[in-house]
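Protein chains: 2
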Amino acid sequence: MKTIYSAEIVSVGTELLMGQTVNTNAAFIAGELAAAGIPSYRQSVVGDNPGRLQQVLSEAVSRAALVIVTGGLGPTEDDITSECTAAFLGRKLVFDETSADRIKAYFSDSGREMSSSNLKQAMIPEGSVALPNVKGTAPGVLLEFGTDLGPGDEKIIILLPGPPSEMRSMFSEQVLPYIESKAPVRMRSEYIRIFGIGESAAEEMIRDLIDDSVNPTIAPYCSDGECMFRVTLTKLEGAADDDSSLLRIVQEIRDRLGEYAYEVGNRSLPEVAFDLLSERNETISLAESCTGGMIGAALTDIPGSSGVFKGGVTVYSNDSKIRLLGIDGDLIEKYGAVSRETAEAMACSCMKLFGTDHSLSVTGVAGPGESERKPAGTVFICLASAKGTVAFRELKINRDRNGVRRMSVLNAFDMIRRELSGI
Amino acid sequence: MKTIYSAEIVSVGTELLMGQTVNTNAAFIAGELAAAGIPSYRQSVVGDNPGRLQQVLSEAVSRAALVIVTGGLGPTEDDITSECTAAFLGRKLVFDETSADRIKAYFSDSGREMSSSNLKQAMIPEGSVALPNVKGTAPGVLLEFGTDLGPGDEKIIILLPGPPSEMRSMFSEQVLPYIESKAPVRMRSEYIRIFGIGESAAEEMIRDLIDDSVNPTIAPYCSDGECMFRVTLTKLEGAADDDSSLLRIVQEIRDRLGEYAYEVGNRSLPEVAFDLLSERNETISLAESCTGGMIGAALTDIPGSSGVFKGGVTVYSNDSKIRLLGIDGDLIEKYGAVSRETAEAMACSCMKLFGTDHSLSVTGVAGPGESERKPAGTVFICLASAKGTVAFRELKINRDRNGVRRMSVLNAFDMIRRELSGI
Numbered sequence: 001m002k003t004i005y006s007a008e009i010v011s012v013g014t015e016l017l018m019g020q021t022v023n024t025n026a027a028f029i030a031g032e033l034a035a036a037g038i039p040s041y042r043q044s045v046v047g048d049n050p051g052r053l054q055q056v057l058s059e060a061v062s063r064a065a066l067v068i069v070t071g072g073l074g075p076t077e078d079d080i081t082s083e084c085t086a087a088f089l090g091r092k093l094v095f096d097e098t099s100a101d102r103i104k105a106y107f108s109d110s111g112r113e114m115s116s117s118n119l120k121q122a123m124i125p126e127g128s129v130a131l132p133n134v135k136g137t138a139p140g141v142l143l144e145f146g147t148d149l150g151p152g153d154e155k156i157i158i159l160l161p162g163p164p165s166e167m168r169s170m171f172s173e174q175v176l177p178y179i180e181s182k183a184p185v186r187m188r189s190e191y192i193r194i195f196g197i198g199e200s201a202a203e204e205m206i207r208d209l210i211d212d213s214v215n216p217t218i219a220p221y222c223s224d225g226e227c228m229f230r231v232t233l234t235k236l237e238g239a240a241d242d243d244s245s246l247l248r249i250v251q252e253i254r255d256r257l258g259e260y261a262y263e264v265g266n267r268s269l270p271e272v273a274f275d276l277l278s279e280r281n282e283t284i285s286l287a288e289s290c291t292g293g294m295i296g297a298a299l300t301d302i303p304g305s306s307g308v309f310k311g312g313v314t315v316y317s318n319d320s321k322i323r324l325l326g327i328d329g330d331l332i333e334k335y336g337a338v339s340r341e342t343a344e345a346m347a348c349s350c351m352k353l354f355g356t357d358h359s360l361s362v363t364g365v366a367g368p369g370e371s372e373r374k375p376a377g378t379v380f381i382c383l384a385s386a387k388g389t390v391a392f393r394e395l396k397i398n399r400d401r402n403g404v405r406r407m408s409v410l411n412a413f414d415m416i417r418r419e420l421s422g423i
Numbered sequence: 001m002k003t004i005y006s007a008e009i010v011s012v013g014t015e016l017l018m019g020q021t022v023n024t025n026a027a028f029i030a031g032e033l034a035a036a037g038i039p040s041y042r043q044s045v046v047g048d049n050p051g052r053l054q055q056v057l058s059e060a061v062s063r064a065a066l067v068i069v070t071g072g073l074g075p076t077e078d079d080i081t082s083e084c085t086a087a088f089l090g091r092k093l094v095f096d097e098t099s100a101d102r103i104k105a106y107f108s109d110s111g112r113e114m115s116s117s118n119l120k121q122a123m124i125p126e127g128s129v130a131l132p133n134v135k136g137t138a139p140g141v142l143l144e145f146g147t148d149l150g151p152g153d154e155k156i157i158i159l160l161p162g163p164p165s166e167m168r169s170m171f172s173e174q175v176l177p178y179i180e181s182k183a184p185v186r187m188r189s190e191y192i193r194i195f196g197i198g199e200s201a202a203e204e205m206i207r208d209l210i211d212d213s214v215n216p217t218i219a220p221y222c223s224d225g226e227c228m229f230r231v232t233l234t235k236l237e238g239a240a241d242d243d244s245s246l247l248r249i250v251q252e253i254r255d256r257l258g259e260y261a262y263e264v265g266n267r268s269l270p271e272v273a274f275d276l277l278s279e280r281n282e283t284i285s286l287a288e289s290c291t292g293g294m295i296g297a298a299l300t301d302i303p304g305s306s307g308v309f310k311g312g313v314t315v316y317s318n319d320s321k322i323r324l325l326g327i328d329g330d331l332i333e334k335y336g337a338v339s340r341e342t343a344e345a346m347a348c349s350c351m352k353l354f355g356t357d358h359s360l361s362v363t364g365v366a367g368p369g370e371s372e373r374k375p376a377g378t379v380f381i382c383l384a385s386a387k388g389t390v391a392f393r394e395l396k397i398n399r400d401r402n403g404v405r406r407m408s409v410l411n412a413f414d415m416i417r418r419e420l421s422g423i
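Going down the list, the protein sequences come from chains A and B. Just so we're aligned: 292 in this note's numbering is position 292 of the first sequence, and the numbers increase by one with no gaps anywhere. Just so we're aligned: 185 in this note's numbering is position 185 of the second sequence, and the numbers increase by one with no gaps anywhere.
One should not assume that every hint holds.
Put simply, identical chains are the same to the list, so a pair is met inside one copy or across any two.
[Stated by the list, open to error] Below, computed lysine-lysine pairings styled on DSBU-like, alpha-carbon distance capped at 35 Å:
1) K334 - K352
2) K334 - K135
3) K120 - K155
4) K374 - K135
5) K120 - K352
6) K135 - K104
7) K387 - K334
8) K235 - K155
9) K396 - K334
10) K352 - K374
Don't read these hints as lab results, they were simulated from the structure. Small disclaimer: the values here were computed from a predicted structure and weren't measured.
Isolated chain A (complex conformation) (with noise of 0.2 Å):
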């Protein structure tokens, strides 16, 4: 087959239709077919039950040209993906020598014990390629399959395991580059990235570019307080390579979105913060009290973060405050825990405990429920350097406890990348 011009994930799991399990399988198989320039139109989810697998199959196989499955590889009897998938073909499962000596070879060097069942994970239907799983014991499989029905008529499956660490590396070593050299057109997209200003209003301040946008597409995207616009420009085979329009509006985009925007790129508001620090060879700690160590994780999360990050203080009690932090216990007293006082003050101590260029705070009330008479959603952060005090921020955030700390973390990463960036 040469061309795949649109594909469909299934997601197999009884796990995932009783909510137990969040799908993010679907959202990075999903995330690699759009930058692939590969368009999927549906996802679905089906439970570890024949009939119904099958069923969900037979429609994806009949509206794209690959269908993507994911789960019920495993070495359990509710794993029967592989199974459905042959019968659905009027195929037999054949055992697959080579996976079978994988799965052996995996459990002498882990030291584990093989249970009988793992040989199950070595039974493919017949006809089709394993694709070897360096993360884990269940092979993926790769079956081409209506080659005799003329072009156009082609299929391809693709059975992936559940677990995002295998399906991942499987994915990115031996699926995507199958499936790009399949791929209709090439893709361009870039992200621009906001924070601080809601959907409706962002889009209202480029509301007549997204009117006229045809190739390439404008199109807001917006999770619980981040927000983004992808420009996509689509390339048809024999088109010339130009991407001058593209990188056109999205200048013109991020001109008129000025500070909000903080990147045109696939950079997090954490990365752009530590990159801008890593930039001019400067350090940070951290003092955190409602957040308990959000920012840390967050900044931590960075492959190489400890040539910025030198370390931080969770400090959740008034005790700890004054005991490692030195904050005077009456000032506390006077204004608060959670006052602009007390967070000035931790992040002007927390940045001569560790000696660093800079120093965040943050202290407030995550809630539920009111503290010290503010009420949930009342947050204090403070960043400090050599100057003193350089960006304060006093927020109501109207929002649950989780919600709460998660803006408080953004914001916090946002006063970074101004305070940096001379916003």
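Since the structure of chain A is provided, determine the placement of chain B on it from the hints.
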């Protein structure tokens, strides 16, 4: 309509098909439906495309009595769910005054300016009931139809907003009571949560119970290092309200899985560890290195955590380990920052610093790449109490940076719960 025998979940949004957003909404609704005794056999994701959205609605309605749709109720032109639902049913959209007033009030209350597009959100399909949105602007929609077709052909479509906080609050407060009254059976599920043993091995331990299970059923759920078994008893209408078979099997599974079973119920591993500390009125502090604040973030995710968690230090550099915790630089030099010796010194110093009953330390190589000639995935965790080091683990985690950090966090909480449970 009296009884909803099954439901389907439809998620609308090009951002889902593009992989920009993970579909947490479907997981949430699926979990709530399952708990309410309404099975769902299919979830679908579709983009903001009128034809394809109507096609999905038509398929879902043909299979299930209740179809819950999320997303596409926003103010932008891409948001077409109400429109498409009305078109699918051959109805028109009508302006709902009450919803319009609520939208206006939402903006004036939060001191923000309303953009004209927001009033579009007050347009709902004729004959439907608007569900007030207490966390945002878009009302939900409840639509009963087909009642003229006779019993069994009656259908319900419910439209909910896409932002998770708005959707969840609307679902819990308005949708759940409505559908609970229409569930065909009462179900009771119990979850036995385990840690420290793989899926296959755990299943082998209760193989005969699984093979024999009819009602209650036993099903395993595993994701990224966490595993559980769900035992579900289905009680048909008119049947005696007798849970003894459920309780008996749960107890048997729990007994067989022994020390690996940390919870029968809904509590996560951090919550179990937290509750054990809380029950004993004991406090803990944290000294994190490679986890960078994640353990503190997980603890403070629990409302009321300040009673137990006094604070922590994130000592991401050798210098901060020495400076904040007073660890001997020679010790770090001799054994390395990633070593049993350093982990023990971190926990013991941290306990003194915060004056807590316990202190837990983590130091490791999250990767990518080795450090101090130790491979990525090498992690030392130490739990100290008045008696000194009471628990210690040396881990070799064969995962990526994220996985190493996540498994370190889970192991940390597992050590706390084992220690406090006397295992």
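To see whether the hints hold, each was checked on the structure:
1. In this assembly of identical chains, K334 and K352 lie within 35 Å of each other by CA distance both inside one copy and across copies; the values are 23 Å within and 28 Å between.
2. In this homomeric assembly, K334 and K135 come within 35 Å of each other (Cα to Cα) only across copies, at 34 Å, whereas the closest approach inside a single copy is 56 Å.
3. In the homo-oligomer, the alpha carbons of K120 and K155 lie at most 35 Å apart inside one protomer (26 Å), although the nearest pairing across protomers, at 42 Å, exceeds that limit.
4. In the homo-oligomer, the alpha carbons of K374 and K135 lie at most 35 Å apart only across protomers (20 Å), although the nearest pairing inside one protomer, at 49 Å, exceeds that limit.
5. Taking identical chains as interchangeable, the C-alpha atoms of K120 and K352 are never at most 35 Å apart, the minima being 60 Å within one chain and 53 Å between chains.
6. Taking CA atoms no more than 35 Å apart as the test, K135 paired with K104 passes inside one copy only; the shortest distance there is 13 Å, against 53 Å between copies.
7. Taking CA atoms no more than 35 Å apart as the test, K387 paired with K334 passes inside one copy only; the shortest distance there is 25 Å, against 39 Å between copies.
8. Proximity of K235 and K155 under a CA criterion of 35 Å is satisfied intra-copy only: 24 Å inside one chain copy versus 44 Å between copies.
9. For the identical chains of this complex, K396 and K334 are intra-copy neighbours only, at 21 Å inside a copy versus 49 Å across copies, given an alpha-carbon limit of 35 Å.
10. Taking the closest pair of Cα atoms, K352 and K374 come within 35 Å of each other both inside a single copy (29 Å) and across two copies (32 Å).
Checked against the numbered hints listed earlier, the structure breaks hint 5 alone; every other hint is satisfied.
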